[in-house]
Amino acid sequence: MKTVILATAIRILIPLFIIFSVYTLFRGHNHPGGGFIGGLIGSIAFVFHTMTHGPQQTVNTFLKLNLYGYPRQPNQSRSLYLMRMMRVNVWRRRRMARHPEVKQRMLRIEPVYIIATGLFLATTSGVLGLLSGQPYMHAYWSDFYIPVLGKPGTPILFDLGVYLLVIGVVLKITFVMSEE
Amino acid sequence: MNHLLIMLPILIPLYGAILSLFCWRSVRVQLYIGILTQVCLLVASFLLLFDVNESGIRTTQIGSWPAPYGITLVADLFSAMIVITSAITGMAVYLFSIKGLDKARQTFGYYPVLLVLQLGVSGACLTGDLFNLFVWFEVLLMCCFVLIALGGTKPQLEGAIKYVTINILATSFLLAGIGIVYGTMGSLNMAELALLVRMPVAHPALINMAGMFFLIAFGIKAAIFPLFFWLPAAYHTPPIAISAFIAGIITKVGMYAFIRLFTLIFVTDQELTIPLFTVLAGFTMVIGVLGAASQNDFRKILSFHIVSQIGYMLMGLALFTPLALAGSIYFIIHNILVKTNLFLISGVVAHRHGTFALKKLGGLYLQQPILSVLFFISAFSLAGIPPFSGFWGKFMLAKAGFEIGSFTIVLVSLAVSLMTIFSMTKIWNEVFWKKKPEQEPLLDVVPQQKLRDNRQLYLPVGIMTVFILLIGLYAEPVVAMAQLAAEQLLNSKLYINAVLKR
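These protein sequence lines are chains W and L, in that order. Counting from 1, one number per residue, gives the positions in the first sequence under this note's numbering. Counting from 1, one number per residue, gives the positions in the second sequence under this note's numbering.
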């Protein structure tokens, strides 16, 4: 489904979807919202991108990270080398990548790993209470208050885990379905 | 420590599954994670059992929400015993699947799904909340569906469709029953429900109706008489490492929930339930064993025997005395171990000879004498020959039946035992004893590597046989524990007080 209108619109809508999904995620403890709904809203962005551009393009845009690097020169100090590497990977990426001695390494995030991270976060948020002798999933809250997001505490970790889990599952389903 | 011990049988498989997902690409790493998880799970289950045995029913409230509102996890002796048995079984099946399952299936997420299945078993046994129980059964259903369909051969998909269709029906009955209970009682905490049904209620008929919904739901899950047809249709299709675990555990978890609910909550109208259960138990035993007698396939005979053995467990519930329930509990544990072991042995045979059909097999006593002895022990445990474990379960059930004078069901159960011996003897004669039928000599040549793999498959079978012998020859502590567990089940004040902290 390659329509120019949708393809152009989705470029503007993707950040909106993601910001709104994160907002839904954080307000979820006392208001309607939470990890599950936030995850679904967030995954709409990726689903639309896949519908317009195809799964390969979605992976290239969102789930792949190119890292650049080159071996350390003999007379170069370690800190200078790290500085250079950071500069190569953070700004002036395109220009540096054209240098012949710079090697490219690709980091690809599979949906399975997003699912696993989400499960891990959600499970571990409950273990914190268990380790201090309280029942599983006992909530710990901080004293301060962040505007818009609210009070941070361990349940937000659980919601974050669910958020990642839902996004991972939807991405996996979308990729498999659109490849067929 | 209290909270940690109850959570561990749930958390350990979950973390194992998560780590396996992280190592999705490498089957070897998943395998090591799996073995580590199984060992930890076994240790944790032992600790839980000792703890519960020493200090009575243990509870924890998830998220510190107090009892009728939050989700309660309860570990009493019955649930702790099922958890440890499933841990032992999981260990054996895991060891079996290293060599006994093909590489393609292993790479497509066999290990994480198996761990999630074990998580579901622990969760279903430990939960003290009806809706939570439903969720755990959903976890079991999903995992079983994935495992039965894993690999996607045609018979597997057929079995998976049958399995899922009928089990979704069961789950919707369960959900409807839960809805009725919540509508009439206003609570889903099992301890509070047990308290509420014992008070004078406005609509006793509605509770009975909900009970019947649960009867149908768990009747399908546990494969009780009119509702068992899906089981022999589905259990013989997947590879043996999968069907051994599912066949060994899942119906018994259904039976566990059945016994739990009908001793704790739906006990108000026993003039209806007890004759009904007696009839169902009798028919389940007889039909299962007759079905087995007509089969000519190693695995199909075993599948039908699952149905027949479920009848014995239901018989304990139908007699409803402490001794009968103890017999039922002992029988569930014995049956999980023995049935899984028989399935694993059929897997070893099929790995070596490439078939489950009794006609094509033969002469195994000559080729694999150790395996024959292991089969002999398991088969005669299943049939209930005295020194082995099946005898004690049947003995307790029969004695309880004679004590309260329900002779018919006892006689039926004894007759079914004889039929079980007949089926086991049939397998013994056909697979181990008779001469191997003539076939192309080139087909008999088995490569060295396969023989070596086949020898490694003896290890899980050996482990299971050790446990079977242990609970058979040294039955005293297990029987005593089963009797304690039955007393806990019948004296529901203990359960209610432990959960509601009164």
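Worth double-checking, as some hints may not be accurate.
[Claimed, not checked] FRET-style restraints, in silico, Cβ to Cβ: (1) PHE144/W / ILE161/L: 36 to 44 Å; (2) LEU65/W / TYR69/L: 41 to 49 Å; (3) MET142/L / VAL127/W: 21 to 29 Å; (4) PRO226/L / VAL176/W: 35 to 43 Å; (5) ASP269/L / LEU40/W: 25 to 33 Å; (6) GLU138/L / ARG11/W: 38 to 46 Å; (7) GLY70/L / HIS53/W: 39 to 47 Å; (8) LEU451/L / VAL176/W: 56 to 64 Å.
[To be verified] Capping the alpha-carbon separation at 27 Å, the derived lysine-lysine pairs in DSSO-like fashion look like this: (9) LYS154/L / LYS172/W; (10) LYS360/L / LYS300/L; (11) LYS103/L / LYS436/L; (12) LYS172/W / LYS103/L.
Calculated directly from the structure, the hints in this document are not laboratory data. In this text the structure is predicted, and so the values were computed from the model without any measurement. Glycine residues also receive a C-beta, built at the ideal position from the N, C-alpha and C atoms.
Against the structure, the hints come out as follows:
Checked against the hint of 36 to 44 Å, the C-beta distance between PHE144/W and ILE161/L comes to roughly 55 Å, which is inconsistent with it. Taken as a hint, the range 41 to 49 Å holds for the pair LEU65/W and TYR69/L, whose Cβ atoms sit roughly 45 Å apart. A beta carbon spacing of about 24 Å between MET142/L and VAL127/W agrees with the range 21 to 29 Å that was offered as a hint. Checked against the hint of 35 to 43 Å, the pair PRO226/L and VAL176/W passes, with Cβ atoms roughly 39 Å apart.
Taken as a hint, the range 25 to 33 Å is violated for the pair ASP269/L and LEU40/W, whose Cβ atoms sit roughly 45 Å apart. For GLU138/L and ARG11/W, the hinted distance range of 38 to 46 Å is satisfied, since their beta carbons lie about 39 Å from each other. A beta carbon spacing of about 46 Å between GLY70/L and HIS53/W agrees with the range 39 to 47 Å that was offered as a hint. For LEU451/L and VAL176/W, the hinted distance range of 56 to 64 Å is not satisfied, since their beta carbons lie about 39 Å from each other.
The hinted pair formed by LYS154/L and LYS172/W meets the criterion: a straight-line CA distance of about 25 Å does not exceed 27 Å. Taken as a hint, the LYS360/L and LYS300/L pair is honoured in the structure, with Cα atoms around 15 Å apart against an allowance of 27 Å. Distance hint between LYS103/L and LYS436/L is unfulfilled; the C-alpha atoms sit about 30 Å from each other, more than 27 Å. Under the criterion of a C-alpha separation no larger than 27 Å, the hint pairing LYS172/W with LYS103/L is consistent with the structure, at around 23 Å.
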